[in-house]
Amino acid sequence: MANGYWGKILRVNLTEGTIKVETPPDNWYRTYWGGRAMIAYFLLREVGPDVDPLGPDNKFILAPGVLTGTPFAGSGRNSFGAVSPLTGAYGEGEAGGFFGAEFKRAGFDAAIFEGVSAKPVYLYVKDGEAELRDAGQLWGKTTGEVEDILQEELGDKRIRVAQCGLAGENKVLLSAVCNDLSHYAGRAGLGAVMGSKNLKAVVARGTQQVPVAHPDKLRDLARWMVDNYSKDAQELQDDGTARVLMPLHTSGGLPTRNFLQGHFEGAEKISGPTMTKTILVDRDTCYACPIRCKRVVKTGPPHNVDPRYGGPEYETLGSLGSVCGIDDLDAIAKGNEICNAYGLDTIGVGVTIAFAMECFENDVLTLDDTDGIELRFGNAEAMLQMLEKVARREGFGDVLADGTKRAAERIGRGAEQYAIHVKGQEVPMHEPRLKHGLGVGYALSPTGADHCHNMHDTAFEKTTGTADNWGILEPMPADHLGPDKVRMLKMQNALRSANNCMLVCQFVPWSPRQLDELVHAVTGWETTQVELIGVGNRAINLTRLFNLRRGFTVKDDKLTERFFKPFQSGPLAGVAVDREAHQKALITYYRMMGWRDDGVPTPEALWELGIGWAVDYLPAAAGN
Amino acid sequence: MASSELPDSERPRIKVRLYGELAKYSGGRGYEFDWPHAPGRTIQALLDEIGIPGIEVWMVALNGAKVERDAIPAAGDEVMIFSPVGGG
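Residue numbers (my numbering), protein chains in the order written: chain G, 17 to 640; chain U, 4 to 91.
Hints were generated in silico from the structure; no laboratory data involved. Idealized CB from N, CA, C, for every residue including glycine.
Lysine-lysine pairs mimicking DSS-like chemistry, simulated, CA-CA at most 27 Å apart:
id : chain 1 : residue 1 : chain 2 : residue 2
1  : G       : K293      : U       : K18
2  : G       : K173      : G       : K135
3  : G       : K142      : G       : K36
4  : U       : K27       : G       : K478
5  : U       : K69       : G       : K247
6  : G       : K233      : G       : K247
7  : G       : K247      : U       : K18
8  : G       : K157      : G       : K405
9  : U       : K69       : G       : K478
10 : G       : K36       : G       : K135
11 : U       : K69       : G       : K581
12 : G       : K285      : U       : K18
13 : G       : K285      : U       : K27
Just so you have them, the derived chain U footprint on chain G, three or more residues with Cβ under 8 Å:
id : segment
14 : 260-274
15 : 466-479
Please work from the sequences and hints to get the whole structure.
If you want it as structure tokens, here you go:
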């Protein structure tokens, strides 16, 4: 009997309104686990290189992993994937909350959405049954209103909802997929893919226990984390992910004013401890997690922030705060609420507004361009106005709704130099001039700049931490970029990629050894950490092949030009990414991965990972 | 009488702020607390006094500015002590 999965994947044809159940064999699950690897498998095999991301031939895939919905801290996550309309490349995001676990407990391992529905619909799954239902009444509503209407319509307060928001309906390329109102698969513009398919939401209700091979072992592991998380995650509980804002500011690596600076004079006003002491009213959590790192905030006038939409993560405090030069915590919280109510990626939209602010400061944009809005750094009201406009594609918001790369192309006049993105995706709140290995990871990422499947060098400066699981025994300076750092990056990328296949939270402090034990306890598979890294690298190679087929080359493994220029002030004044060392690190990574110097995997590398079938998807010029 | 010879309660204070998972070494004082000032004492000596293992410290700052551990706080100064940070 299968454990950790049901052996059932939904194939939903939105054009025809049909639903089929596919039943892949056990060894398929054993090879791909879920999440990223599963999404990459389907996209590579089923979505051709010329498919329009917002057209009917793109596929939107919802994929939990084998660990999702089983009872331990960190298992409340799922992935969403599609060709990204923002980058044109492989697109994926993960989110926590309760939706993923509920979907899994409804009896399915994934759902693949094809085609375009003639009218708005949502998929309702409940304990082994699935149906498409009319979503006309949900269109144009806020995410909160959608949840209310669905609970009323289905007569069930315990449903869990993933939805695209108004921004997704309007095909905003900075749109997210929202789990449970306050948990977001933010990146890659996946909300727009849902919107383009007239797929408003997926609603789940599941009362089944996901089968577990060794319940006693799983219980012991779960209990261990309950008893021990405070040693490594107490501050995460107390101050949320915002805990990192002050250390990053003090070290000179807090993205500020569109990455012109790495320290922000207003940092203390928007820090984790400040939020805890001022506007925090509660701590929320995800399925089965005792850490409760999620913020719930509330403010009085003028913003009257609604606690229903949670509160800002570190990424949002940076992207709507320091990156826009804004130190008004209440306004940032309002911005977070707006993004969550409309389904906007706070990172993407924040960095895009900061881009426009720098354009405005340099007279590349004027009041005539910006609908009369003074888009200057520090103008919180302007930031809030732009969020509304972007979500609705109103006026200048329509220009910014396509992200920095396209907006810069549309604006012209040298605006490109202010667009901080990799492969078209806006850079998140981690600074390559502080974390130099992370900069290489940004360049390599299949989804464009991303911090979730990347290495954070600062964690390995004093101790190697969990890297000693891979035999990496010496700490390394964050600004080091030698082959030994690339080795660390390779292992970290693979580990975090594996996390996004089994689907476990990156913040719950499980060691790689424990992750392997969790997979074994849930599935009964005789895995090892070798296999854990193997599944991570399968996903990395499949996403690489997908992008190569879509025309991406090593030239697109390109870090933003700004990071090769030194900071003018602050703790990292004079520090830049060393271009030569960075380029060398990329080549070293390719070679360590068994790829050629042009970034194309060798057939042997694919066979070595047990995905020899993927050789057929290598570019023709690869000589196969 | 030198301030270091006064009883703890009468000595001038410095402010200590701990970040990351260092509060577990504060003896129940939490993330922010006052600590008796001692003229000429380095931040490294302060870490030893509080009982924070050096290997768990990523960075220290004095009055908001990153410094080395041989920096010497004055009375009334604020010392920030950070453990390594990863993602966020």
